[in-house]
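Enquirer: These are the residues of each chain, in order.
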Amino acid sequence: MEIKELERIASQTRRDIVRMVAAVNSGHPGGSLGCTDFLTVLYNHVMKHTPSPFSMDGIGEDVFYLSNGHISPVWYSTLARCGYFPVAELGTFRKLGGRLQGHPSTDKGLPGIRAASGSLGQGLSMAIGTAETKKLNGDKSLVYTLHGDGELQEGQIWEAAMYAAAKKIDNVIATIDFNGRQIDGDVDDVLSLGNLKQKWQAFGWEVLEMDGHNMQELIDTLSKAKSMTGQGKPICIMMTTEMGQGVDFMVGSHKWHGVAPNEEQLADALSQLEETLGDY
Amino acid sequence: MIDSMEKHVEVTGKKDTRSGFGEGLHELGKINANVVALCADLTGSLKMNAFENDFPERFFQVGIAEANMMGIAAGMTVGGKIPYTGTFANFSTGRVYDQIRQSIAYSQKNVKICASHAGLTLGEDGATHQILEDIGMMKMLPNMAVIVPCDFNQTKQATIAIADHDGPVYLRFGRPSVPIFTPADKKFEIGKADIILEGADVSIIACGHLVWKAIEAAQQLAEQGIDAEVINMHTIKPLDEAAILATATKTGCVVTAEEHMLNGGLGDSVAQVLARHLPTPQEYVGVNDSFGESGTPDELMAKYGIDTKDVIEAAKRVIGRKK
Numbered sequence: 164m165e166i167k168e169l170e171r172i173a174s175q176t177r178r179d180i181v182r183m184v185a186a187v188n189s190g191h192p193g194g195s196l197g198c199t200d201f202l203t204v205l206y207n208h209v210m211k212h213t214p215s216p217f218s219m220d221g222i223g224e225d226v227f228y229l230s231n232g233h234i235s236p237v238w239y240s241t242l243a244r245c246g247y248f249p250v251a252e253l254g255t256f257r258k259l260g261g262r263l264q265g266h267p268s269t270d271k272g273l274p275g276i277r278a279a280s281g282s283l284g285q286g287l288s289m290a291i292g293t294a295e296t297k298k299l300n301g302d303k304s305l306v307y308t309l310h311g312d313g314e315l316q317e318g319q320i321w322e323a324a325m326y327a328a329a330k331k332i333d334n335v336i337a338t339i340d341f342n343g344r345q346i347d348g349d350v351d352d353v354l355s356l357g358n359l360k361q362k363w364q365a366f367g368w369e370v371l372e373m374d375g376h377n378m379q380e381l382i383d384t385l386s387k388a389k390s391m392t393g394q395g396k397p398i399c400i401m402m403t404t405e406m407g408q409g410v411d412f413m414v415g416s417h418k419w420h421g422v423a424p425n426e427e428q429l430a431d432a433l434s435q436l437e438e439t440l441g442d443y
Numbered sequence: 364m365i366d367s368m369e370k371h372v373e374v375t376g377k378k379d380t381r382s383g384f385g386e387g388l389h390e391l392g393k394i395n396a397n398v399v400a401l402c403a404d405l406t407g408s409l410k411m412n413a414f415e416n417d418f419p420e421r422f423f424q425v426g427i428a429e430a431n432m433m434g435i436a437a438g439m440t441v442g443g444k445i446p447y448t449g450t451f452a453n454f455s456t457g458r459v460y461d462q463i464r465q466s467i468a469y470s471q472k473n474v475k476i477c478a479s480h481a482g483l484t485l486g487e488d489g490a491t492h493q494i495l496e497d498i499g500m501m502k503m504l505p506n507m508a509v510i511v512p513c514d515f516n517q518t519k520q521a522t523i524a525i526a527d528h529d530g531p532v533y534l535r536f537g538r539p540s541v542p543i544f545t546p547a548d549k550k551f552e553i554g555k556a557d558i559i560l561e562g563a564d565v566s567i568i569a570c571g572h573l574v575w576k577a578i579e580a581a582q583q584l585a586e587q588g589i590d591a592e593v594i595n596m597h598t599i600k601p602l603d604e605a606a607i608l609a610t611a612t613k614t615g616c617v618v619t620a621e622e623h624m625l626n627g628g629l630g631d632s633v634a635q636v637l638a639r640h641l642p643t644p645q646e647y648v649g650v651n652d653s654f655g656e657s658g659t660p661d662e663l664m665a666k667y668g669i670d671t672k673d674v675i676e677a678a679k680r681v682i683g684r685k686k
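Protein sequences appear in the order of chains A and B.
Just remember that the numbering used here sits 163 ahead of the position in the first sequence, which is counted from 1.
Just remember that the numbering used here sits 363 ahead of the position in the second sequence, which is counted from 1.
Hints were generated in silico from the structure; no laboratory data involved.
Values in this document were obtained by computation on a predicted structure and should not be read as measured data.
Please note that a few of the clues may not be correct.
Said to hold, decoys possible - Within a straight-line C-alpha distance of at most 25 Å, the following computed DSS-like cross-link-like pairs (lysine-lysine) qualify:
no., chain 1, residue 1, chain 2, residue 2
1, B, Lys672, B, Lys613
2, A, Lys330, A, Lys303
3, A, Lys298, B, Lys393
4, A, Lys271, A, Lys298
5, A, Lys271, A, Lys258
6, A, Lys271, B, Lys600
7, A, Lys303, A, Lys331
8, A, Lys271, B, Lys672
9, B, Lys666, B, Lys679
Stated by the list, open to error - Which stretches of chain A does chain B cover? Using the computed rule of at least three CB atoms under 8 Å from a CB of chain B, they are:
no., segment
10, 377-389
11, 406-417
As the list claims (entries may be wrong) - Sample of chain B residues at the chain A side, in silico, Cβ under 10 Å:
no., residue
12, Leu401
13, Phe423
14, Val425
15, Asn431
16, Ile435
17, Met439
18, Gln462
19, Arg464
20, Pro505
21, Gln635
All C-beta atoms, glycine included, are put in the ideal place defined by N, C-alpha and C.
Using the sequences and the accompanying hints, generate a full structural model.
Expert: As structure tokens, this is what we get:
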């Protein structure tokens, strides 16, 4: 897909995100806006996947797990805009009886979701499990994950990291949303991750880096990561992003981690984001 | 007077229930190519060696990292595998409750959580490992089936049967060698209680190692002229409510017996059924809000009130409460 088209999708997804959280006065716009470009490229350019009919088993398809489930708005918009479910359903986000739960879940049957997430640190293990099953099934497709940087404070991530290298899980590509922010402030102040690149390398992973807001770099780095699969090592991409990217008063601040814009702020945000594919 | 010979139960041997799990898993390996097994550094203790030896490509040693094991198991279901995780009951539940809750139960993943060394009968290792809260934790999770078989044969059959149940299962078994009294070829039915002994005066509803204690109690009660019914409630969830109501209707009083805390165990589940449908006097045999300690299994069962004599005393108490 052309970069221009990817940018059009990303702009619409950002509109969807701020409208969704504003409509229910809750949700997580900051990280969602920061990961919009990544998920747009992943779902529209990189992954081999079938939106409809959705297959939970994902045999022959690339599978994605969102480990930092609180950025559900960007994932829901991405899935809807790919055709997993009607775009109009974005209007049910966080509403009683809806399939678009605050954090992703499987129990309402929303197509595209293969595991609940929200309690952090669990997605990498899940991805490794699916990667093991793909190996057993002789299925050459890949498993992708996305994690927050603050999420890496959870111990289970490092259990999984150790396992993946020791057992040569070379069909997983884990991306870290490295925005340096978490709920209580900067990651460096809350609990520094130290030298994260060296940590992943020391755990036995191949580590790539990319700018999460440069479409060409996202395409090139993910393509490179794909070319490195099947060689005995798991792959981690450290993706630099800005929380709140695309909305000037949100960008770069942890304050918009889990706060919805009010009516005035919403109008301001939408004035900065072109409506390209039609609002839901 | 009743004839105590009527309370005879044929014992065909003595073995640990964990070995029943090991044999069942090995059997499954042969008949179901989708079954995979994961273990957190306790392959020998869980008796998973035969599966590991014969199906090495389907055996996953995850090391001492139970949270990761639960997540990997959940992920393996995506693509059609049926993962069986194996570690001690403590590390299968309390240590990984949130992983089970989110990645397995809420995510509706077809994982079989197989937990050995449950309860006090783990023995000398002491309270750190003697989990007595696991049935409660697991039965509270929506989508989770909870199964506590009573002997070697039943544990083997249950291990095989749960592969055909689409959804998460908690299978609890133990370390000590205990009498084998269920038929080797009896197919396990999830949620269908077994009537081990029929009786008219009191119903003893038990699970796991306490089923044998209940049988011993029924035999000794018979010598004293008390006719006890013994029900093996091997499935705590989904619970066989019909069997509970039938036996309570018949005898008019109930004793529940389990190697678990009184809070949250089988007794609680039975009491809920009776309270709603058929208020009936009930006495509980279980551990009363206490951690265990080091000791032999027999010493511990005696000290913590889950022995044959405790079942007998509870039966007499509850009979005394009948109107």
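Enquirer: All hints, please: hold or fail.
Expert: Hints and how they fare:
1. A hinted pair counts as satisfied when its Cα atoms are at most 25 Å apart, and B/Lys672 with B/Lys613 qualifies at roughly 24 Å.
2. For the suggested pair A/Lys330 and A/Lys303, the alpha carbons sit about 17 Å apart, so the restraint of at most 25 Å is met.
3. The suggested pairing of A/Lys298 with B/Lys393 holds, with an alpha-carbon distance near 20 Å, which does not exceed 25 Å.
4. Note on A/Lys271 and A/Lys298: the hinted pairing is violated, with a Cα-Cα distance of about 29 Å set against a maximum of 25 Å.
5. For the given pair, A/Lys271 sits about 12 Å from A/Lys258 by alpha-carbon distance, which is consistent with the 25 Å threshold.
6. With a C-alpha separation of about 23 Å, the suggested pairing of A/Lys271 with B/Lys600 holds against the 25 Å cut-off.
7. Between A/Lys303 and A/Lys331 the alpha-carbon distance is near 15 Å, which keeps this suggested pair within the 25 Å criterion.
8. About 49 Å separates the Cα atoms of A/Lys271 and B/Lys672, which puts this hinted pair outside 25 Å; it is violated.
9. Distance hint between B/Lys666 and B/Lys679 is fulfilled; the C-alpha atoms sit about 20 Å from each other, no more than 25 Å.
10. Against chain B, the segment 377-389 of chain A contributes 0 residues with a C-beta closer than 8 Å to a partner C-beta. That does not satisfy the three-residue criterion, and the hint is violated.
11. Under a criterion of three residues with beta carbons nearer than 8 Å to beta carbons of chain B, the stated coverage of the segment 406-417 of chain A fails, only 0 such residues being counted.
12. The interface hint given for B/Leu401 is met, as the beta carbon of that residue sits about 9 Å from the closest beta carbon of chain A, less than 10 Å.
13. The beta carbon of B/Phe423 is positioned within 10 Å of a beta carbon in chain A (closest approach about 7 Å), and the interface hint is therefore held.
14. A hinted interface residue such as B/Val425 counts as satisfied when its beta carbon comes closer than 10 Å to some beta carbon of chain A; here the least separation is about 6 Å, so the hint holds.
15. At about 4 Å, the closest approach between the beta carbon of B/Asn431 and any beta carbon in chain A falls short of 10 Å, and the interface hint on this residue holds.
16. Because the closest C-beta pair between B/Ile435 and chain A is about 4 Å apart, less than 10 Å, the hint holds.
17. About 4 Å separates the beta-carbon of B/Met439 from the nearest beta-carbon of chain A, less than 10 Å, and the hint is met.
18. For B/Gln462, the interface hint holds, the least distance from its beta-carbon to any beta-carbon of chain A being 6 Å, beneath 10 Å.
19. Evaluation of the B/Arg464 hint against chain A yields a held restraint, the C-beta minimum of about 8 Å falling below 10 Å.
20. Look at B/Pro505: its Cβ gets to within about 9 Å of chain A, closer than 10 Å, so that hint holds up.
21. With a least beta-carbon distance of about 24 Å to chain A, the hint placing B/Gln635 at the interface is violated under the 10 Å criterion.
When each numbered hint is compared with the structure, violations occur for hints 4, 8, 10, 11 and 21.
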